[in-house]
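Model the placement of chain B on the given structure of chain A, informed by the hints.
Letter by letter, the chains look like this.
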Amino acid sequence: MGRQMCLRQMGVNQKGIIKSVKAEGELGRRIRDMGLVPNTEVMVLGRAPLKDPVALRLRDFTLSLRNNEADFIMVELPGE
Amino acid sequence: MTQMLNIALAGNPNAGKTTMFNALTGARQSVGNYPGVTVEKRVGFVTHNGLKLNVVDLPGTYSLTAYSQEELVARDYLVKERPQVVIDIVDANSLDRNLYLGVQFMELGIPLVLALNMMDEVRKSGKGIDTRKLSRLLDMPVVETVARAGVGKTRLLEEAVAYAEARGGSWKPLTISYGPDLDPALLDMAALIEQEKFLTDLYPARWLALKFLEGDIQIRNLAETVGGVGRKLSEIVQKTEKHCRATLDTTPEAIIADYRYGFIASVTKQVVTTETDQQDRIAVSDKIDRVLTHRILGPSLMLGVLYGMFLVTFTIGDIPMGWVESFFAWLGGAAAELLPEGLLRSMVVDGIIGGVGGVLGFVPLIMIMFLGISFLEDSGYMARMAYMMDRVLRIFGLHGCSVMPFIVSGGIPGGCAVPGVMGTRTLRSPKEKLATLLTLPFMPCGAKVPVFLLLGAAFFEGAAAQVLFWITIGSWITALLVSWVLRNTVIRGEATPFVMELPPYRLPTLKGVCIHTWERAWQYIKKAGTIILAISILIWAAMTFPTLPQEKTDAIREQREAVQIRLNSVEEPDQAPLQAEITRLENRAAEAALKNSFAGRIGAGLESITRWAGFDWRVNVALVGGFAAKEVIVSTLGTVYSLGAVDAEDTEGLSKRLQKDPHWNRLRAVSLIIFVMLYAPCFVTVVAMSRESTWKWALFSVAYTTILAFSLSVAVYQVGQMLWS
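Those protein sequence lines, which keep their order, are chains A and B.
Our numbering puts the first residue of the first sequence at 1, with every later residue one more than the last.
Our numbering puts the first residue of the second sequence at 1, with every later residue one more than the last.
Only chain A is shown next, with the shape it has when bound in the complex:
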């Protein structure tokens, strides 16, 4: 079992697997529409010049979301 942490806390180039998405309503819907659902692997590609938003790599595409939106997503880091 790896360590769990919030997506916001992940560093650049770090990989993790989504464990839960707690967002509801429109935000929750948008996050899920984009394929951010449990068991998806994500990698932090980088952050915007002012550290927010964050760019994420999913398996075969790239998306970005704000830090306060990333707060709703918990990831599990692969065992160290």
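Calculated directly from the structure, the hints in this document are not laboratory data.
As the structure is a computational prediction, the values presented were derived from the model and not from experiment.
Among the hints, erroneous ones may be present.
Some chain A residues close to chain B (C-beta under 7 Å, calculated; not the full set) [claimed, not checked]:
(1) Gly-11
(2) Glu-26
(3) Arg-30
(4) Arg-32
(5) Met-43
Simulated DEER-style distance windows between Cβ atoms [to be verified]:
(6) Val-12(A) with Val-284(B): 14 to 22 Å
(7) Cys-514(B) with Met-5(A): 42 to 50 Å
(8) His-243(B) with Glu-41(A): 29 to 37 Å
(9) Val-79(B) with Met-5(A): 38 to 46 Å
(10) Trp-476(B) with Glu-26(A): 25 to 33 Å
(11) Arg-59(A) with His-48(B): 51 to 59 Å
(12) Trp-476(B) with Lys-19(A): 27 to 35 Å
(13) Glu-40(B) with Glu-41(A): 33 to 41 Å
Capping the alpha-carbon separation at 35 Å, the derived lysine-lysine pairs in DSBU-like fashion look like this [to be verified]:
(14) Lys-287(B) with Lys-51(A)
(15) Lys-124(B) with Lys-51(A)
(16) Lys-660(B) with Lys-41(B)
(17) Lys-22(A) with Lys-172(B)
(18) Lys-19(A) with Lys-431(B)
(19) Lys-15(A) with Lys-41(B)
By construction, the Cβ of each residue, glycine as well, lies at the ideal position given by its N, Cα and C atoms.
Below, chain B alone, put in the same frame as chain A:
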């Protein structure tokens, strides 16, 4: 026999849907709006084997919820118009995510053909997709395409037509299992819906049940109107929600999404094969991003791109703009020769040709601007700009994508609010878009700049450039602060989620960019011929009627004739002063005529209020005229100061005249600068705004900007007077 077949194109944004639409229909398309919303409706016409096809390009969406206008429009179109077949354009590079929308179409049951687009990239990246197997698993035709090159488009049409005929309009909803926690509830609800025939003429029962569980606002509102069934359905939903919360700490809609993705994965696992390092395509894009969104390089390059685009637009745009202007000047001259002197000539030359000509002069500008915008959008760079700017603009309730419209409108002095307003279309968040629309007219557009330069030269000698600089800074600050205020009052509400795809960089297709540009220009030209023509005539009339009473014009004409007689009798060297005398008389006549007109009377009538800001009737008339176009301010000031109509490019005489006028001083100049900087957008902008939002918001923008401008001018003028007198 010719038959009509309705085909709808659907798909994710950036999946190449519009490219495919252009490839299929070429230039035979028309653009309008869906009734009641500002979402564009594109319809194209194709003849295929003697069959007339009506192709509708639905807005690009990721899902079919009721959250955004685009999604509502797309789904309402499907259930109400019931096209015979839907073509779902998917980006085969990210099949899983793209199928999320496709699965929702399948659950709706509408005849669906899948177009696996960008197959060239897929193959290049070493991936394989077993199309035949996919078609068998999903039970629908699947066609491989490369929309950019038009590959597969004929087969796509053939398959779509054949499938539409085979299905004969029947809908076959797909049933996916949503697990032990939801399936029983879904079954109960579907049975209830079936039994009560609630909306079953439009939607399949299970789909309605699903939407209920997902918390779909549109369907729930509809259910409330029918009473009994609605209540029973809500009870089941509440029970299920409570159960999910208690046992799984989640919501039904999250479970639904998980199962949908699960279903998709079970399909794609069987058809997609990845051989080697399949990250090729995005790997290149990632490398570019490392430079283009770099912490320091990124913003600098962005400024460079924005500035470069601005420069190109307004320097290159100037050339064809000059042609259009000379053409209308020639047309005006020709009309003046043909028509006898009098009101008709004045209306045709000054009202119609002058007004419409001035407006059409923007067309080259709009075209070049949109060439740039479409290029940035289609290449994927626009998304990066939004990504980099979002943190700053979000503070003011705006969106990263707001930066472009601001710059175009004059964020770098000299822009134009009209293409800026039209450029807000790239904003997909309604509240942020409205805040951008309402504040971008504060930017110092090219037509306001001459006013600032005139006043700067007259009252801040040698510092006109600094004046312009501070005006630009002031405009930005005002726009951002006002946007913040608006987002906390009239357009209050949570920020729209940002979650946005950063599509891989691609070279835009020439065809796509050209069609897009031409569409915008054409929309604008159509407006110029109708509503703008009408308003031009109205403004002309306000500045012409009522004409001076006969005895006054006669008196001026007599004076002029007397001078003319003297002029004819003297020799060459003595003619100059007499010539000047004639000009002076003509200018004075123009001033008297303007003062007597409605506009002049409005100006005089407003003087009792506007003197609080230091404006007399002359300034008022110029400002009223400025509503037609801000260029008019300078030329009208020329007329009211008896200098004849002054060319906005050459204001030295007027600036000297104001400098010497005892009525004018620095404080008055500052007050006027503030007012011109902020007051009502010109009516062409207002018309464009009404198209992007509603007439109500467009008129609101006229009112609130004018009130704000006037209050600030009065404040500055009054405080200034107290301090310096």
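Do the hints match the structure? See the list:
Given the 7 Å rule on beta carbons, the hint for Gly-11(A) is violated: about 15 Å separates it from the nearest Cβ of chain B. For Glu-26(A), the interface hint holds, since its Cβ comes within 7 Å of a Cβ in chain B; the closest pair sits about 5 Å apart. The interface hint given for Arg-30(A) is met, as the beta carbon of that residue sits about 5 Å from the closest beta carbon of chain B, less than 7 Å. At about 4 Å, the closest approach between the beta carbon of Arg-32(A) and any beta carbon in chain B falls short of 7 Å, and the interface hint on this residue holds.
Proximity of Met-43(A) to chain B is violated relative to the hint, the smallest CB-CB distance being about 10 Å (cut-off 7 Å). Under the hint 14 to 22 Å, the C-beta atoms of Val-12(A) and Val-284(B), about 19 Å apart, fit the expected range. At roughly 48 Å, the beta-carbon separation of Cys-514(B) and Met-5(A) lies within the given 42 to 50 Å, and the hint holds. In this structure the supplied range 29 to 37 Å holds for His-243(B) paired with Glu-41(A), their Cβ-Cβ distance being about 30 Å.
Our hint of 38 to 46 Å for Val-79(B) and Met-5(A) holds, since their Cβ atoms are close to 43 Å apart. For Trp-476(B) and Glu-26(A), the hinted distance range of 25 to 33 Å is satisfied, since their beta carbons lie about 30 Å from each other. Taking 51 to 59 Å as the suggested C-beta distance range, the pair Arg-59(A) and His-48(B) does not conform, at roughly 37 Å. A hinted range of 27 to 35 Å is violated for the C-beta pair Trp-476(B) and Lys-19(A), which are about 43 Å apart.
The hinted range of 33 to 41 Å is satisfied by Glu-40(B) and Glu-41(A), whose Cβ atoms lie roughly 36 Å apart. With a CA separation close to 19 Å, the supplied pair Lys-287(B) and Lys-51(A) stays within the 35 Å bound. For the hint linking Lys-124(B) to Lys-51(A), the alpha-carbon distance of about 34 Å falls within 35 Å, and the restraint holds. Proposed proximity of Lys-660(B) and Lys-41(B) is contradicted: the alpha carbons are some 57 Å apart, above 35 Å.
Pair hint Lys-22(A) plus Lys-172(B) holds up; C-alpha atoms about 34 Å apart against a cutoff of 35 Å. At roughly 32 Å between alpha-carbon atoms, Lys-19(A) and Lys-431(B) fall within 35 Å of each other, so this suggested pair holds. For the proposed pair Lys-15(A) and Lys-41(B), the alpha carbon gap of about 41 Å is over 35 Å, so the pair is violated.
Of the numbered hints given earlier, the model fails hints 1, 5, 11, 12, 16, 19; all others are met.
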